[in-house]
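Going down the list, the protein sequences come from chains A and B.
Taking this note's numbering, the leading residue of the first sequence gets 10, the next gets one more, and so forth.
Taking this note's numbering, the leading residue of the second sequence gets 4, the next gets one more, and so forth.
By construction, these hints were calculated from the structure, which means they are not laboratory data.
Please read these numbers as outputs of a predicted model, since none were measured by experiment.
One should not assume that every hint holds.
[Unchecked claim] If the Cβ cut is set under 7 angstroms, some of the chain A residues that face chain B in the computed set are:
id : residue
1  : P98
2  : T107
3  : V113
4  : A114
5  : I116
6  : P118
7  : L121
8  : W125
9  : V126
10 : L129
11 : R139
12 : R141
13 : S142
14 : L145
15 : L146
[Stated by the list, open to error] Listed next, with one range per pair, are the computed distances between beta-carbon atoms:
id : chain 1 : residue 1 : chain 2 : residue 2 : range
16 : A       : V153      : B       : W95       : 51 to 57 angstroms
17 : A       : A96       : B       : G14       : 38 to 44 angstroms
18 : B       : D90       : A       : V160      : 36 to 42 angstroms
19 : B       : A89       : A       : V113      : 34 to 40 angstroms
Heads up, the beta-carbon is just placed ideally off N, CA and C, and yes, glycines get one too.
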Amino acid sequence: MMKRDKLKTMVPIIARIGLGAVYLATVGAVFGFGIIVPHAIEDRIASWGILPLGVIGIIAWRGSWALLPIRVYLAVVFLSACWFKIADPHSFALDVATYDILPVALINPMALLLPWVEALAGVMLLIGFRVRSAALLTAGMMIVFIVALSVALARGLDMSCGCFASSGANEDPISVWTLVRDGVWLAMSLAIVLFDHQPPGVERLSGLR
Amino acid sequence: MHGLTFKSSVGDWRRVIIEAMVVVILSAVAAIAVNIVRGEHLPWIADEPYEIFVPCPEPLGEVSALVPSALEINDDKTVIIDARTADLFGTWHIDRAINVSFDYLDPVPEQTINDVVSQTARSGAQRVVVYGDGGNPDSGRELARELAGRGLKNVFFITGGADAIRSKPVEGCLL
Numbered sequence: 010m011m012k013r014d015k016l017k018t019m020v021p022i023i024a025r026i027g028l029g030a031v032y033l034a035t036v037g038a039v040f041g042f043g044i045i046v047p048h049a050i051e052d053r054i055a056s057w058g059i060l061p062l063g064v065i066g067i068i069a070w071r072g073s074w075a076l077l078p079i080r081v082y083l084a085v086v087f088l089s090a091c092w093f094k095i096a097d098p099h100s101f102a103l104d105v106a107t108y109d110i111l112p113v114a115l116i117n118p119m120a121l122l123l124p125w126v127e128a129l130a131g132v133m134l135l136i137g138f139r140v141r142s143a144a145l146l147t148a149g150m151m152i153v154f155i156v157a158l159s160v161a162l163a164r165g166l167d168m169s170c171g172c173f174a175s176s177g178a179n180e181d182p183i184s185v186w187t188l189v190r191d192g193v194w195l196a197m198s199l200a201i202v203l204f205d206h207q208p209p210g211v212e213r214l215s216g217l218r
Numbered sequence: 004m005h006g007l008t009f010k011s012s013v014g015d016w017r018r019v020i021i022e023a024m025v026v027v028i029l030s031a032v033a034a035i036a037v038n039i040v041r042g043e044h045l046p047w048i049a050d051e052p053y054e055i056f057v058p059c060p061e062p063l064g065e066v067s068a069l070v071p072s073a074l075e076i077n078d079d080k081t082v083i084i085d086a087r088t089a090d091l092f093g094t095w096h097i098d099r100a101i102n103v104s105f106d107y108l109d110p111v112p113e114q115t116i117n118d119v120v121s122q123t124a125r126s127g128a129q130r131v132v133v134y135g136d137g138g139n140p141d142s143g144r145e146l147a148r149e150l151a152g153r154g155l156k157n158v159f160f161i162t163g164g165a166d167a168i169r170s171k172p173v174e175g176c177l178l
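So that you can see chain A by itself, here it is in the shape it has in the complex (with noise of 0.2 angstroms):
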């Protein structure tokens, strides 16, 4: 019993220091690798905000407050994704195509549900709203995107990502780092899914929670 107690005690704590290294890592692999091609303004975006909200993470360390950095990174990260793939939906359908995954009668379909899960999770997570379930949906967003960027980059495509603005090969290729990029995400989204109970916001604000 006391050895379970102790166990409880130590899955915050190891959670933190997970979340540090996620940090770490992360910022390490934008600035000294460049996993994050600097050629639009949205992964301009998400590339450099990580700095700001990662010195606000380390500072707001404790308590609920400790996930709203990611929360706040990632919301940024799926809004600047969304926000191409709805203006213009027959480009992105284009690059779903390209992937060579789904069958011709859901690609269309994928093209235009996807950017809008992708817009309402991201809201939710920026004014914390259900950020949970918000999370669920971007880990599982990021899953679908590891494995198809796994069986692209298997077959050798050379293609861009389609992952923010529609680019060509040469602007944006698919690349290993692409799914480290996408394994960190994922990890944040899961960190969100496990550990934030009563995450601040509107929903708390409100008295809702």
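Once you've looked at the hints, dock chain B against the given chain A.
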């Protein structure tokens, strides 16, 4: 310290999953509504398969550019290759050039490459110079990279392709 706990009940997880499903449904409603309002809406089911062009990985080698004005290519030690279509080759080509049409959608056949390699070896040539349509991308450069990738050494391409050469005629050209 509250908020950062691992504890979740089954009911808690069920609620999270149901809420996520509700978000997906709301997203679908938003997607349908916006797609209806949109001027050029995307059909929910594609009328025909998408035509996608993803180049298959080909072994590509490093090649160097030659400026047409600096050409000294028409000697016995150079194999000259015209990468344009057979029609364009028939209209005009450099004297002694051989035609290996480059098609972006179709890799150069192995036999053609072997012919070029054996011709280069027979002639005692020391370099291969390729010129193409001078477009962007330039078929000459692409073919040169492909030849270099198949093991040919000293492969060059002409910047600007056939049009650049024609505007600065090289001795021996068939104009």
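Which hint numbers does the structure go against, in order from smallest to largest?
Of the numbered hints given earlier, the structure breaks none, since each of them holds.
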